[in-house]
Amino acid sequence: MKKIEAIIKPFKLADVKDALQEIGIEGMTVSEVKGFGRQKGHTEIYRGSEYTVDFLPKNKLELVVSADKVDIAIAAIIKAAKTGKIGDGKIFVTNIEQAIRIRTEEKGEEAV
Amino acid sequence: MKKFLLHLVLLAVVSLGAFNVLGADASTAKSAPTTEQRLDDIEAYINNAARATDGKAMSKIGGAGPGHNGWMMTSTALVLFMTLPGLALFYGGLVRRKNVLSVIAQCLGLAGVVTVIWVVCGYSLSFGNANPYCGGLKHAMFNGVDGAPNIAYGAWVSHNIFAIYQMMFAIITPALIVGAIAERMKFSAVLLFCALWMFAVYFPAAHAIWGDGGWMNGVWNPTASVKAIDFAGGIVVHITSGWSALALCLILKPRFGYGKQPMPPHSLVLCAIGTGMLWVGWYGFNAGSAVAADSIAANAFVTTTLSAAVGSFVWAMIEYIKKGKPSVLGFCSGAIGGLATITPACGFVEPKHALLIGAFAGAATYLACTTLKSRFGYDDTLDTFGVHAIGGTLGTILAGVFATSAANPNLDLNLKSLLGNGLWIEQLKAVSIWIAWSVLATVIIAKLVDKLVGLRVNEETEMVGLDLAEHGEEGYND
Chain A
1 MKKIEAIIKP FKLADVKDAL QEIGIEGMTV SEVKGFGRQK GHTEIYRGSE
51 YTVDFLPKNK LELVVSADKV DIAIAAIIKA AKTGKIGDGK IFVTNIEQAI
101 RIRTEEKGEE AV
Chain B
1001 MKKFLLHLVL LAVVSLGAFN VLGADASTAK SAPTTEQRLD DIEAYINNAA
1051 RATDGKAMSK IGGAGPGHNG WMMTSTALVL FMTLPGLALF YGGLVRRKNV
1101 LSVIAQCLGL AGVVTVIWVV CGYSLSFGNA NPYCGGLKHA MFNGVDGAPN
1151 IAYGAWVSHN IFAIYQMMFA IITPALIVGA IAERMKFSAV LLFCALWMFA
1201 VYFPAAHAIW GDGGWMNGVW NPTASVKAID FAGGIVVHIT SGWSALALCL
1251 ILKPRFGYGK QPMPPHSLVL CAIGTGMLWV GWYGFNAGSA VAADSIAANA
1301 FVTTTLSAAV GSFVWAMIEY IKKGKPSVLG FCSGAIGGLA TITPACGFVE
1351 PKHALLIGAF AGAATYLACT TLKSRFGYDD TLDTFGVHAI GGTLGTILAG
1401 VFATSAANPN LDLNLKSLLG NGLWIEQLKA VSIWIAWSVL ATVIIAKLVD
1451 KLVGLRVNEE TEMVGLDLAE HGEEGYND
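Residue numbers (our numbering), protein chains in the order written: chain A, 1 to 112; chain B, 1001 to 1478.
What the hints contain is simulated information worked out from the structure, not anything from laboratory work.
You may find that some hints are simply not true.
[Unchecked claim] Okay, derived cross-link-like pairs now, DSBU-like style, lysine-lysine, Cα gap no bigger than 35 Å in a straight line:
#1 B:1138 <-> A:40
#2 A:85 <-> B:1260
#3 B:1098 <-> B:1325
[As the list claims (entries may be wrong)] Pulled from the structure, derived: some chain A residues nowhere near chain B, Cβ distances all over 12 Å:
#4 43
#5 44
#6 45
#7 48
#8 82
By construction, the Cβ of each residue, glycine as well, lies at the ideal position given by its N, Cα and C atoms.
Based on the provided sequences and hints, a complete structural model is requested.
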């Protein structure tokens, strides 16, 4: 089992979700986050006073999938989230030791 | 006990009757009006002129005129709407989240304090006619202020409505100062400072420029020592509050972290809503200052609209050219700048000049709030000085340049020789005197208030925010 964390542009969220559903991914967790990478922040001006806003709003998707689905899931996310411009986001993959469905107490890949 | 009450009631009835008889005697002393006089009375009402029957015959029109009175009641409500919630939201949106309630509380608190002072003696000190420098206490506790017109201020408007209309000006003026000292002054200090400031600055200024026999009342007082004109409060409201605001924010020193930490407005949406309310309310402020629903009021309504619109557009277009982006705060600030600047001139100038005044206003207030402020580094939190002092000062001088009897025939009464011929020098005199006095009085009162209750909250309170520390509540609980 692997966990895929994808940080994407907020306006791409719906496309990414649809793409993942199409390849049979059954669940994910989404949160609104702020951060910066190479894109950096932006400047706001109020009556001549300039403020640099470092943290930009992004969406973070987390999904846990069986090892054989990792590559197609990543491919689906990239296809849907890519604009080719700076700030498209990043994907991180980590190992998951265990997964449990609370209702049925199923364990392992049964539970994801 | 019952018998005593009965006696009391009888006594009251008898004495009321006696007053009635006296009243009847006084009115029957005048003869019944001729048809001609009755017709003249109606014409006078329509033209907002003095009653034709005054002193000559009994008028068949009792009390105030309905149209003029109706407009003044509407205007009174509009001017209150400028402070609550207009100014409260305009300022509230511009501060940080943690201080939004503190500026609203200051506006509400000042409305209460000023209302009481106004009725007790403020109105009388401002609009009584004791001498050129002070109104005296003739109308203390609103004595003699009732539904009948006070012909010194409006032939067809109820005296009590005029007094409450002027009270709304007295409320918004100290509330404007709040903008310069927001996010760091103690609530108790704001109230105490403003209460003392009303006596030292506002009442004397209102009496000098608008009061019956005031020493700067150029339009109505032929013996005024300075022949100034100020239609709706360029001096009385914007110069006094704006320059006092600058002095007070310098005394108070900048907020902690000013210039180092970002302090962006927490809600430009609130600010934009407040701007709209101020603009709408300003029609009562400016056109209402004609104290009648007449053609002078109509002209003031038009000039107010033009200056606000042009001021708003010019400020945002300067940003567009210089920074590439026209901002909502720019549109809002320019509108308020245009409104403050046209205020002294609105009832004296023609529409074409209102366009010019609006353009000057947008550019001047933009420069004051951006270049001037960053150059000198003073923390005029919400730009009370940059918008109101600069706008009011510029507008008062421009009113002297552009005033014409084509816009306002009353200018021919005592100022005919000065029109287009040095009236602006009289304006400059009045402006200089009130700037100097406002600053001096502010310094003295601020020192006094600092001794009595302390001007500033401590650093910890400032970091937590005034809402929680001073008012025990938060603007947003989600």
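Right, here's what the structure says about each hint:
| no. | hint | result |
| --- | --- | --- |
| 1 | B:1138 <-> A:40 | violated (68 Å) |
| 2 | A:85 <-> B:1260 | holds (32 Å) |
| 3 | B:1098 <-> B:1325 | holds (28 Å) |
| 4 | 43 | violated (9 Å) |
| 5 | 44 | violated (6 Å) |
| 6 | 45 | violated (6 Å) |
| 7 | 48 | violated (3 Å) |
| 8 | 82 | holds (28 Å) |
Against the hints set out earlier in the document, violations occur for numbers 1, 4, 5, 6, 7.
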